[in-house]
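> Protein chains in written order, with our numbering: chain W, 1 to 497; chain L, 1001 to 1103; chain E, 2001 to 2492.
Some hints could be false.
[Claimed, not checked] Using 30 Å as the maximum straight-line C-alpha spacing, the simulated DSS-like pairs for lysine-lysine come out as follows:
1) L:1051 with W:78
2) W:459 with W:424
3) L:1051 with E:2389
4) W:345 with W:332
5) L:1080 with E:2389
6) L:1051 with E:2097
By construction, these hints were calculated from the structure, which means they are not laboratory data.
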Amino acid sequence: MTQPAYKVLIGMEIHVQLATASKMFTGAANGFSENPNTQVDGVVLGLPGVLPVINRRAVEMAMMVGAALGCEIASQTKWDRKSYYYPDLPKNYQISQYDQPLCGAGAVELPLPNGEVKTIRIRRAHLEEDAGKLLHEAGQSVSMVDLNRAGTPLLEIVTEPDFSTPEEARLFGEELRQICRYLGVSQGIMQQGHMRFEPNINLHIFDDGKVYKTAITEVKNLNSFRSVERACEYEIQRQLTEFLNNRSAAMQAGKSTRGWDDDKGCTTLQRSKEEAHDYRYFPDPDLVPLHVDADWIGRIKAQIPELPMARLRRYLQMDLTRKEAAALLEDKAVADLFDAAINLKRLPKRIANLMLGAAAKTANALASERGETVLISDLGVGADQYAQLAGMIEDGTVSASAAVTVFESLCDGTGMAPMAVAEKLGLLQIRDASATQAWVDAALANHPQAIDDYRNNPKKRQASLGFLRGAVMKLSQGKADPKLVGELLEKALAKLG
Amino acid sequence: MSETLSAAQVEHVARLSRLKLSEDDITRYGRQLSSILEYVAQLQEVDVGSKAPMSHPLPLHSVLRDDIVEPSLPIDAVLKNAPSKVGAFFTVPKVLDPSAGGG
Amino acid sequence: MSDASLTETSAYELAQRIAKREITATETTRAFLDQIAAHDDTLHAFNETYSGAALAQAAAIDTALDRGEKLGTLAGVPIALKDNLCTVEGRTTCSSKMLQNFYSPYDATVVKRLKAAGAVFVGKTNLDEFAMGSSTENSAFGPTRNPWNTRCVPGGSSGGSAAAVAGRLCAAALGSDTGGSIRQPAALCGIVGLKPTYGLVSRYGLVAFASSLDQIGPMTRDVRDAALILNAIAGPDIKDSTSWPQTPPDYLMDIDKPPEKIRIGLPKEFFGDGLSPEVATAVHTAVDFFRRNGAEIVPVSLPHTRYGIAAYYVIAPAEASSNLARYDGVHYGHRTTQASDLFELYAASRAEGFGPEVQRRVMLGTYALSSGYYDAYYLRAQRVRQLIKDDFDRAFELCDVIISPTTPDAAFELGAKSNDPLAMYLCDVFTVTCNIAGIPGMSVPCGFSSSGLPIGMQMLGPVFSESTMLRLARLYELAHDWQKRRPMIASV
Ligand SMILES: [Mg+2]
Ligand SMILES: [Zn+2]
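Go ahead and model the full structure; you've got the sequences and the hints to work with.
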């Protein structure tokens, strides 16, 4: 049977936990705790008589993300109750935003690996509160409720079905994570559930001159980029197979919700249409509407830094490779350090090499020693030091290899200027012609075989030249200027005839 | 809009309300709720024109708090009224379908 | 002064005399506790009394006064709290089996403020379960009786507070009013009850019934006491997003100075069919008093009043169905022993924990919000709500205060309306529109029926007009002695 042509439509709902100090509607601490039910106050617990009060910072963080996603920020928004019974939701309603989201339609540019850029439309983004956690331990006859997570501010972002491949969906997730990290609204630690994804998938299948649209499935609660991509891939195949096996049954199915089994690599049906919830949304009478004026939006927008996408574009124009640019962009602090350094000394390639070479190596070593993340920007080496060191390489004051040694001692936090360090360590490159000539002469005297190869064996000509250059550098203890060494060596060999 | 509730409707509303009703309850509540709904139906005769729904008595807006952490309840206060607990957790009968929650 | 005379003294005077050391907080508290001991078996105004704690509180106040400390405006005054106000002391039950053993870890804002003012809490008063009712018969712990006639209801839902104040079991009390629950029992028990402007008093710690309608207010022997208590509890609270941010005036200031050039509106819709002639006469006589004292009486119309009950019985149950969703037997409250799965745990715990009136309203509200019915019920009721508010706005262009009966009739006998929920709902006909519009309302005693039951008149004013209303009511009470009459409590 030949497979019909089809188009994939994927949209995503993403829940981002906002890294405020306190919860969405109350002062209890927002953050991870090992001890169950310790970040809980009366409001989180949903005690009789308690009332919610909106966290200003959460609103501002949501506005910031909305603005970064090109969303229109609503001038008026309100809060609604969404009713459903579950033990991790003590009030049995979630405070959310139903028909007046804080952030309206927007669009983001998603760079694809082939260099193209795709526009992804954002439908809306709204604020709400997270639920707690229900733990189902094997062998226990009960499920256990921990409310630490309950009441955490959540930003729910909904995209239009603009992803045509599972890879695009994953890339978007990664980009969104980076945007949130740049904005400082989330650390984006996936293992801790800082971001959760719910892709909506369906297919438009072209067969016998008609278009068949398969029923949309929503895959709930994915918390890794890999699972987003895999779940979408699985769903595409499943929907296609179901359509091919029993077209009429597949076409009659309604929208469904599925769960992802990461071990088995498949989705399973969770909730059928018949049991669909009736959420009974209505405006929360405990909260008053929120008005957002242009002034406030302006102040928030002014706090938005240059975002990763724009930086990527800028870095690529600086003759950095995509890989280098991406590595620098990964963490905003690193990219900021890089930008500060190139502003002092316009040597992007050299500064990038220092940061992604010597600095990255040191950071990684420290990280595995300490068992925690260590960023390049955590090494205590400042932009001015990077700029100066890059300049020293550029003008031949130190060799690239000596620069690594200089860098390592900068990491000791001496705060000394690279030039002073290089001097102290005796690593300054020697460009004195007579001193260099003496090392060249000595090297030639020590290696007659190499001279012979150079002169008589065309196949070994390059190799022997390299060998002799190495010998000169060794004699100079790495301080000779390699360019000058090359020139003097070739001159001397030519003289030898 | 019918103002008389069928037994099936009462059962549906009871289910949404998480109330376990007996057959007698369903009959009695069905009758009482129907008579209330019949009374309430007079709202349909009001000419509301283009009146916006009023959800707040006062013209208040933008009431916000600063993002400042305040103390949580001590764990014994959190669990003080808990009808069933294990360690520091509240407990419920084992939930077999973890998707039964909301979204 | 004998103990009996202490319990006949107003809260205002008690506070003055305690502050001046003419009497002690301890003897005052003891006098009211004696009244409770003598009559509460009959009245069942209280769900719980705090005799020990109250005497300790009173003793601490006396000691502080001995040391010459300056205390709050209510130092030593015995006050009762409706049992839907959260207190760290004792239980907060809402007269529901659901919360029969619930201990709040925090005090409601009003409780904190009364404590700061030095009030002595004598106990928590009975109410219709979760404040749903107009007779206090819907209490899981049995009904409260009217001190004027113990075969009659005290009204509701703040019936316990009303009976306690009327029966001299406390100097003053707090109630809550969602559709008339302060004013209606105040009228039926012959006391003063004030429902403040929505947002004037913090709702934090009031167990929610219908959040956009609920307000806490004073229930007192006289008007000046209402001003005294309101002073202590009113004002902004950062814990309640719906509380009005401005500092309220001092309601006692000029309390004895009548407002000048007052225009009193009489809404014809409040004097129509179904109003008992005795009540009509009493209210008209009161209006005549104001006319003789220089008030201009103007006819006003509130044409959407007739839709008040219908709108109310959509909006209030809708909010209640959501507010009461939290009582599910998981984190606190009654939990069934019969459940094997989660759904059953919820459904059985709630069916066992809630009485029939609460179940009815929860289902009614759930229905009104459910898919397919939301627009026709909830949304439409909220539009009608706006029309009702517009009516008041227009009326208050013509007058400063509206006067009407508080209730269509005096107190009815226990059981008279228990089998017909709709008939019970219609008791609120004159009181609900005030909550719907968010304006202040007050019930003031204005006479007695031929059978010796109290009658109340209702005053309604524009938002934040409490000062005017209190001064007007004070003018009336100084010229009458209704509130000085004392019920003879007959045991049953
Ligand atoms: Mg969702
Ligand atoms: Zn959500």
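> So if I understand the rule, the pair passes when the alpha-carbon distance is 30 Å or less; does residue 1051 (chain L) with residue 2097 (chain E) pass?
Roughly 41 Å separates the two Cα atoms, so the pair is violated.
> Under the criterion that the straight-line Cα-Cα distance not exceed 30 Å, is the pair residue 459 (chain W), residue 424 (chain W) satisfied?
violated (42 Å)
> For a C-alpha distance cap of 30 Å, please report whether residue 345 (chain W) and residue 332 (chain W) respect it.
holds (20 Å)
> Need the status of pair residue 1051 (chain L), residue 78 (chain W): alpha-carbon distance at most 30 Å?
Given that 30 Å is the threshold and the Cα spacing comes to 18 Å, the pair holds.
> Mind checking the alpha carbons of residue 1080 (chain L) and residue 2389 (chain E) for me, to see if they're no more than 30 Å apart?
violated (43 Å)
> If you draw a straight line from the CA of residue 1051 (chain L) to the CA of residue 2389 (chain E), is it 30 Å or shorter?
holds (12 Å)
In summary, the structure is inconsistent with hints 2, 5 and 6 from the numbered list given earlier, while agreeing with the others.
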